[in-house]
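Visitor: With the hints as a guide, bring both chains together as one complex.
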Amino acid sequence: DTGVSQDPRHKITKRGQNVTFRCDPISEHNRLYWYRQTLGQGPEFLTYFQNEAQLEKSRLLSDRFSAERPKGSFSTLEIQRTEQGDSAMYLCASTKVGGKTEAFFGQGTRLTVV
Amino acid sequence: AQSVTQLDSHVSVSEGTPVLLRCNYSSSYSPSLFWYVQHPNKGLQLLLKYTSAATLVKGINGFEAEFKKSETSFHLTKPSAHMSDAAEYFCASANSGGYQKVTFGTGTKLQVIP
Numbered sequence: 002d003t004g005v006s007q008d009p010r011h012k013i014t015k016r017g018q019n020v021t022f023r024c025d026p027i028s029e030h031n032r033l034y035w036y037r038q039t040l041g042q043g044p045e046f047l048t049y050f051q052n053e054a055q056l057e058k059s060r061l062l063s064d065r066f067s068a069e070r071p072k073g074s075f076s077t078l079e080i081q082r083t084e085q086g087d088s089a090m091y092l093c094a095s096t097k098v099g100g101k102t103e104a105f106f107g108q109g110t111r112l113t114v115v
Numbered sequence: 067a068q069s070v071t072q073l074d075s076h077v078s079v080s081e082g083t084p085v086l087l088r089c090n091y092s093s094s095y096s097p098s099l100f101w102y103v104q105h106p107n108k109g110l111q112l113l114l115k116y117t118s119a120a121t122l123v124k125g126i127n128g129f130e131a132e133f134k135k136s137e138t139s140f141h142l143t144k145p146s147a148h149m150s151d152a153a154e155y156f157c158a159s160a161n162s163g164g165y166q167k168v169t170f171g172t173g174t175k176l177q178v179i180p
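Which chain is which? The protein sequence lines are A and B, in order.
For the first sequence, this note's numbering begins at 2 and goes up steadily by one.
For the second sequence, this note's numbering begins at 67 and goes up steadily by one.
Possibly wrong hints are sitting among the right ones.
[Claimed, not checked] With the C-beta cut set under 7 Å, the calculated list includes, among others, these residues of chain B facing chain A: (1) Phe100; (2) Pro106; (3) Leu110; (4) Leu112; (5) Lys115; (6) Phe156; (7) Lys167; (8) Val168; (9) Phe170; (10) Gly171; (11) Thr172; (12) Gly173.
[What the hints assert, rightly or not] List of simulated lysine-lysine pairs, DSS-like, C-alpha gap at most 30 Å: (13) Lys97/A <-> Lys124/B; (14) Lys124/B <-> Lys12/A; (15) Lys115/B <-> Lys58/A; (16) Lys58/A <-> Lys124/B.
[As the list claims (entries may be wrong)] Ranges of calculated distance between the beta carbons of each label pair, as one might list FRET restraints: (17) Ser78/B <-> Arg60/A: 33 to 39 Å; (18) Ser92/B <-> Gln18/A: 38 to 44 Å; (19) Val98/A <-> Ser118/B: 17 to 23 Å.
These are computed hints drawn from the structure, not numbers from a lab.
From the three backbone atoms N, C-alpha and C, an ideal C-beta is built for every residue, glycine too.
With the rest of the complex left out, here is chain B (with noise of 0.2 Å):
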């Protein structure tokens, strides 16, 4: 079984400032693990993927997470927010032996202050 635990609901930064979004998961396999954002009324988005090649993967619009296996992570970075990165955030992960279903994490919800 799979799940993925964000650890924040909410998290709320400065324009111009770091953002930081966690997220742990729990597998019995090798999981593939993703983020996806989702503005509002929208559908989801794919920002990066982790599928065991580099630990630290690069996303669109300067996101980037690292997996780190020692800790069950990976947490979601940027290093500077932008007021468009105002979303909602979902950490997932899937089993990598061929069957994708993807179990997603409950959400964090970004809000970038001007």
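This is chain A alone, in the form it adopts within the complex (with noise of 0.2 Å):
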């Protein structure tokens, strides 16, 4: 048990539809992240926060994709008009600022848009 919890595990959502997944980290950890990761794949950056600023966000993150931290504690990552191809496992990990501490990882949220 890493401490990093996603809600839900698996989401089955029809294309078109709206979808929020949920990542509580561990609650010292200020810093959190958001992946995604396709079949076959390794996990890609999506987003980062410290505290509840949003500092980083790839190219990834079309404007389809929204996240918010707005208390500093869990986040929330949206996906409006979901398509086909946002089929993925969106993964949520966490650590301190500073040092050289792992990022500490949750199992993942299962898209799948059908």
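Guide: Here is the structure:
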């Protein structure tokens, strides 16, 4: 158990629907990251927060994607008007600021768009 | 910029024989390097990490990796494969300057033959 929890674990949605995922990081970690992993690939960085501030967004994060971390604790990732290409595992990770600590990953949310 | 290259997409070994999974890194900074394992439909589990201390790093489940700066390599080894080692393995790097965004390789799928 890494301490990072994600909900739901699985989501099946119809194309065009909106979906929202939640990530609860380890409580003392103030950095939170979202990654996307498609079949047969390594995880790819999407975005990262330090406390409530979203400090970087990947070009992979189209305008249909939005992430928030309103109180600097949990985070949500919303995908609007889902497309079949959005089908992937969405992983959340958290770390402490500074030092050389590793990122702890949640078990991910597997999204299937049909 | 940082990147990692996993030289083999698939590795097959017999149970009880040594495992070698290869990884080369490229980084403008002194990197932190990691190996993660991912079992089917599971999140990422950290096996071991290198953060500029000892160049030979021991991890969980009998795995170890050696950081070789001259070869820009961080290969993962295990003396004797077990059936439960069958999984996908990801090499990853992070900027050790404090920003812990992790860049992953494309993964190596390890098959263990009984």
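Visitor: Now, for every hint given, state plainly whether the structure supports it.
Guide: Outcome of the hint check:
Of the supplied interface hints, the one on Phe100/B holds, with its beta-carbon coming within about 6 Å of a beta-carbon of chain A, less than 7 Å. Of the supplied interface hints, the one on Pro106/B is violated, with its beta-carbon coming no nearer than about 11 Å to a beta-carbon of chain A, more than 7 Å. With its C-beta approaching chain A no nearer than about 4 Å, Leu110/B sits inside the 7 Å limit, and its interface hint holds. Checking Leu112/B against chain A: minimum C-beta separation of about 6 Å stays under 7 Å; hint holds.
Below 7 Å, beta-carbon pairs count as interface contacts, and Lys115/B has one with chain A at about 5 Å; its hint therefore holds. Using the Cβ-Cβ criterion of 7 Å, the hint placing Phe156/B at the interface with chain A is satisfied: the shortest such distance is roughly 5 Å. Satisfaction of the interface hint for Lys167/B is found here, the shortest Cβ-Cβ separation to chain A being roughly 6 Å, below the 7 Å cut-off. For the restraint placing Val168/B at the interface with chain A, the shortest Cβ-Cβ distance is roughly 5 Å, inside the 7 Å limit, so the hint holds.
Interface restraint check: Phe170/B against chain A, minimum CB-CB distance 3 Å, threshold 7 Å, status holds. Checking Gly171/B against chain A by beta carbon gives a least distance of about 5 Å; that is within 7 Å, so the hint holds. Annotation: Thr172/B was flagged as interfacial toward chain A, and the flag holds, the nearest CB pair being 5 Å apart, inside 7 Å. Checking Gly173/B against chain A by beta carbon gives a least distance of about 5 Å; that is within 7 Å, so the hint holds.
As the CA atoms of Lys97/A and Lys124/B are separated by approximately 23 Å, the hinted pair is consistent with the 30 Å bound. Between Lys124/B and Lys12/A the alpha-carbon distance is near 37 Å, which puts this suggested pair outside the 30 Å criterion. Distance restraint check for Lys115/B and Lys58/A: the Cα-Cα separation of roughly 26 Å lies within the 30 Å cut-off, and the hinted pair is therefore satisfied. Restraint check: the Cα-Cα separation between Lys58/A and Lys124/B comes to about 34 Å, which exceeds 30 Å; the hinted pair is violated.
Between Ser78/B and Arg60/A the Cβ separation comes to about 36 Å, which falls inside the hinted range of 33 to 39 Å. In this structure, Ser92/B and Gln18/A meet the distance hint of 38 to 44 Å, their C-beta atoms being roughly 40 Å apart. At roughly 19 Å, the beta carbons of Val98/A and Ser118/B sit within the given window of 17 to 23 Å.
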